[in-house]
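Q: Each chain, letter by letter, is given below.
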Amino acid sequence: MLVLSHARLRRAATDPAAAMSHDIIMLLAAPFAASALFVAIHTNFGLHVLRRGIVFADLALAQMSALGATVAYAAGHAPTSAAGIAYTFLFAAIGAALLTASRVMPKEVQPEAYIGIIYVVATATTIVVVDRSPQGAEHVKQILVGSILAVSASDLPKFAVLYAFIGAIHWLARRPLLAVSEAVHSKTRRSLLWDFVFYSSFSVVVTSSVATAGVLLVFCFLIIPAIIGSLFTRRITYALGIGWLGGVAASAVGLAASFEFELPTGAAMALAFTLMLVIGAVLRGLIFAPAGGRRICIRIFLRAASAMIFMTVLLSAIWLMIMPRADQPMFDLLQSATGIGPATFLAVQDRAVYADALKDAGYRRSQESQLTALEQQSRWQGGGLSDTEVRRIGSFQQTFNEMARGDDFVVKSLSGRARERERWYVGLPLLITSLLGLLTLLPDKWRADPARSRTACLTFLRAFLHVADFVRRLGGEKTESAGDAMIRRSINGGTVSAGPKALTGRCQKTTYGCPDP
Amino acid sequence: MVMASRARLIAIVALCVMTASMHAAFASTRIVVVATTSDVASLASAVGGDVIEVKTIVPPGTDPEAFEPRVSDLSTLSDADLIVRVGLGYDLWIDKLIIQLHRPEFQAGGGRLVDASIGVPLLEARGRTPVTEDGHAHGLGNPHYWLDPANAETVTATIAERIIRLMPAARDTIVANRNRFLATLHERIVAWMQRLAPYRGASLVAYHNSWPYFARRFHLNLVGFIETKEGVAPSVAHLSSLIAEMGQNGVRAILQEAYEPKNFSEMLSARTGAPLVVLAPTVGSVPEARDYLSLMDFNVGALARTLATGSH
Ligand SMILES: [Zn+2]
Numbered sequence: 001m002l003v004l005s006h007a008r009l010r011r012a013a014t015d016p017a018a019a020m021s022h023d024i025i026m027l028l029a030a031p032f033a034a035s036a037l038f039v040a041i042h043t044n045f046g047l048h049v050l051r052r053g054i055v056f057a058d059l060a061l062a063q064m065s066a067l068g069a070t071v072a073y074a075a076g077h078a079p080t081s082a083a084g085i086a087y088t089f090l091f092a093a094i095g096a097a098l099l100t101a102s103r104v105m106p107k108e109v110q111p112e113a114y115i116g117i118i119y120v121v122a123t124a125t126t127i128v129v130v131d132r133s134p135q136g137a138e139h140v141k142q143i144l145v146g147s148i149l150a151v152s153a154s155d156l157p158k159f160a161v162l163y164a165f166i167g168a169i170h171w172l173a174r175r176p177l178l179a180v181s182e183a184v185h186s187k188t189r190r191s192l193l194w195d196f197v198f199y200s201s202f203s204v205v206v207t208s209s210v211a212t213a214g215v216l217l218v219f220c221f222l223i224i225p226a227i228i229g230s231l232f233t234r235r236i237t238y239a240l241g242i243g244w245l246g247g248v249a250a251s252a253v254g255l256a257a258s259f260e261f262e263l264p265t266g267a268a269m270a271l272a273f274t275l276m277l278v279i280g281a282v283l284r285g286l287i288f289a290p291a292g293g294r295r296i297c298i299r300i301f302l303r304a305a306s307a308m309i310f311m312t313v314l315l316s317a318i319w320l321m322i323m324p325r326a327d328q329p330m331f332d333l334l335q336s337a338t339g340i341g342p343a344t345f346l347a348v349q350d351r352a353v354y355a356d357a358l359k360d361a362g363y364r365r366s367q368e369s370q371l372t373a374l375e376q377q378s379r380w381q382g383g384g385l386s387d388t389e390v391r392r393i394g395s396f397q398q399t400f401n402e403m404a405r406g407d408d409f410v411v412k413s414l415s416g417r418a419r420e421r422e423r424w425y426v427g428l429p430l431l432i433t434s435l436l437g438l439l440t441l442l443p444d445k446w447r448a449d450p451a452r453s454r455t456a457c458l459t460f461l462r463a464f465l466h467v468a469d470f471v472r473r474l475g476g477e478k479t480e481s482a483g484d485a486m487i488r489r490s491i492n493g494g495t496v497s498a499g500p501k502a503l504t505g506r507c508q509k510t511t512y513g514c515p516d517p
Numbered sequence: 001m002v003m004a005s006r007a008r009l010i011a012i013v014a015l016c017v018m019t020a021s022m023h024a025a026f027a028s029t030r031i032v033v034v035a036t037t038s039d040v041a042s043l044a045s046a047v048g049g050d051v052i053e054v055k056t057i058v059p060p061g062t063d064p065e066a067f068e069p070r071v072s073d074l075s076t077l078s079d080a081d082l083i084v085r086v087g088l089g090y091d092l093w094i095d096k097l098i099i100q101l102h103r104p105e106f107q108a109g110g111g112r113l114v115d116a117s118i119g120v121p122l123l124e125a126r127g128r129t130p131v132t133e134d135g136h137a138h139g140l141g142n143p144h145y146w147l148d149p150a151n152a153e154t155v156t157a158t159i160a161e162r163i164i165r166l167m168p169a170a171r172d173t174i175v176a177n178r179n180r181f182l183a184t185l186h187e188r189i190v191a192w193m194q195r196l197a198p199y200r201g202a203s204l205v206a207y208h209n210s211w212p213y214f215a216r217r218f219h220l221n222l223v224g225f226i227e228t229k230e231g232v233a234p235s236v237a238h239l240s241s242l243i244a245e246m247g248q249n250g251v252r253a254i255l256q257e258a259y260e261p262k263n264f265s266e267m268l269s270a271r272t273g274a275p276l277v278v279l280a281p282t283v284g285s286v287p288e289a290r291d292y293l294s295l296m297d298f299n300v301g302a303l304a305r306t307l308a309t310g311s312h
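Chains as they are written, first to last, in our numbering: chain A, 1 to 517; chain B, 1 to 312.
With the rest of the complex left out, here is chain A:
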């Protein structure tokens, strides 16, 4: 993905029209640096949190600081004023104290349940306070749904200083802090102070990071690098290093993917972190397997992976054959990857209608956007349009959009019909291939007994035919014929052929061009 993105950057750089590549690097540099900082401090807390077994504590603390900001707002302080910040940290500290108290709870109260209750109470109170001061709602949203993309370079020193300070405290007090985290399940009284130090520093970190990166991403920063580190070592310093490297790599991949595939940044990064965790787990399997067992491990892994792929293909093929007009995610993916559209599978006369509808929809949309551009220009250029002219443009825009929508409907129904044919041309071969593939993966003792595998195959086919028959009788037939009728109607004097002609008469009188090509 990184390579792809570089290729795209280079493409943009050679394009004389835009100096976009520079912009993109500038745009991504600050979020990347911030992620590196966040991963560094959160991995440390994550290792403690994992040892304590309280992975959702950060949500409770974030919600408590959001409550603080809301109360500040309701009391008439701006969230960025000194009073606003004081309220936020006061409530975060209360949260820390409440979490510290989890140690003196009777052992029937599970720590996670206790944290959940803190979270729920804080959320509910926030909602009630927001309801009293509606303007505060946006601030709560901002506190809980930060976006890492909006970080600017000027924010970075603030984070660096804060995290260096907290990191120094944790380094100086590493022994008691680690001891108290590891002894969390033995209830000793003297550790309450260190518990409070831990939770209050945690609340400061979470308050600062959630407002910038959002709850989703902070949870990833906290837990996933820490797990990656713990996969390889028990030593906290090594785990920190490994976790940080993994987290920084995941951030880079996530940011690049969010640019390359136009994904929301937070979600793309969360997925990249999960991917990194999977890679870490596989690597650990390879590294820690006994020398002789490594090959067996790889074999088992490859076998499981290919079995999974064959199973996916098999199930998609079955799904295609039973319900060709339903959502077919695998075949959609295949279509967009190979560029082989539904037209390939249509009968010749349908193919022409499909191409026409596709072209027509594009044409209508371009006409509509031409009108939009015309109206936008007229707002500030020339004498402007009269209300009547604006109304006329509006009714044309509406008409073009509705016609495009009609074409979309034809395209969709024909795609469904293509899928119905595709199930024999594509579904059947895929079904057989994946079945054969699965057969080769069968345990050796099964393969040694051909009669047994033959019965298994036959049982499977019979079950498949039953299911297909059942689904067909349930209503497959009915929807098909309704869809066909719709297409027939739209071809014979419906949307497709009559649409443009119906407009021709009226359109010649207007000044905005005729909708006919």
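FRET-style restraints, in silico, Cβ to Cβ: (1) A:Pro329 to B:Arg305: 48 to 58 Å; (2) B:Leu166 to A:Pro329: 52 to 62 Å; (3) A:Pro157 to B:Thr184: 47 to 57 Å; (4) A:Ala343 to B:Leu166: 52 to 62 Å; (5) B:Pro104 to A:Ala97: 56 to 66 Å.
Below, computed lysine-lysine pairings styled on BS3-like, alpha-carbon distance capped at 30 Å: (6) A:Lys158 to B:Lys262; (7) B:Lys96 to B:Lys55; (8) B:Lys229 to A:Lys359; (9) B:Lys96 to B:Lys229; (10) B:Lys229 to A:Lys412; (11) A:Lys412 to A:Lys359; (12) B:Lys262 to B:Lys229.
Calculated directly from the structure, the hints in this document are not laboratory data.
Bear in mind the structure is a predicted one, so any value in this text is a computation, not a measurement.
Beta carbons are placed, not taken as given, at the ideal position from N, Cα and C, and that holds for glycine.
Following the hints, complete the assembly by docking chain B with the ligand onto the known chain A.
A: Using the frame of chain A, we list chain B with the ligand on its own:
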């Protein structure tokens, strides 16, 4: 002479008694107009004056496009004689509330529901279903039409006509109210247009697409929007192309509403040097926007000030 003055006195007293009783009659039969947003509420009270009592459902300062009605709103609605809505899918939730009222006269065509958008020339017309694919209510067209002050004339006409139909006796008062409002409005429109005339064609970027009507009236050029979908953060590609576009067009200000997140606007502002200006999309979203006229006053003033300081 004495007789004449006496007759005059009697006449005056009789007139006083009559107006007082008429006033009392008005006071007792003041009709309750419930408006979905503060903007149509302000326009309704501008024409209704003392004849009506106006209540608003969406509290000032909240985003009406993200509003979720509460139980108390249903009790507000149950007092209504007339409901005024913005229309164009901007306040779709009122439909659900009206269904729960179980009073057919408030349903569409029942005569007591006013769609204030009727007769307004629609910009960015899209289709015939209010909600677009991305779940945002710009499906019929852009619903932020009250931000063109000239549209207030149409809207007040629609509302006035409906109130008069309910209270034919108050016809003259309402017509007089509206004429007074329109006189001020026309005066102000001239002043507003003069205020923004030096910035004709100024390129602007907005967080949400709320300002096309405003842009049309005051000859401004909206080149792009930060938000692409409601509630989803803009992607890197969108932001970078927006930055490039802002550079090419020489964007002079970023329009932001009080209840929208500021983080992206601030970042774009820091990167491009275009100042951020907080405008009021609805009456009451900033303290200065007390009613419809002061809303437009505030927006024109804030924008003119920003463009004046940042003029190259
Ligand atoms: Zn809107």
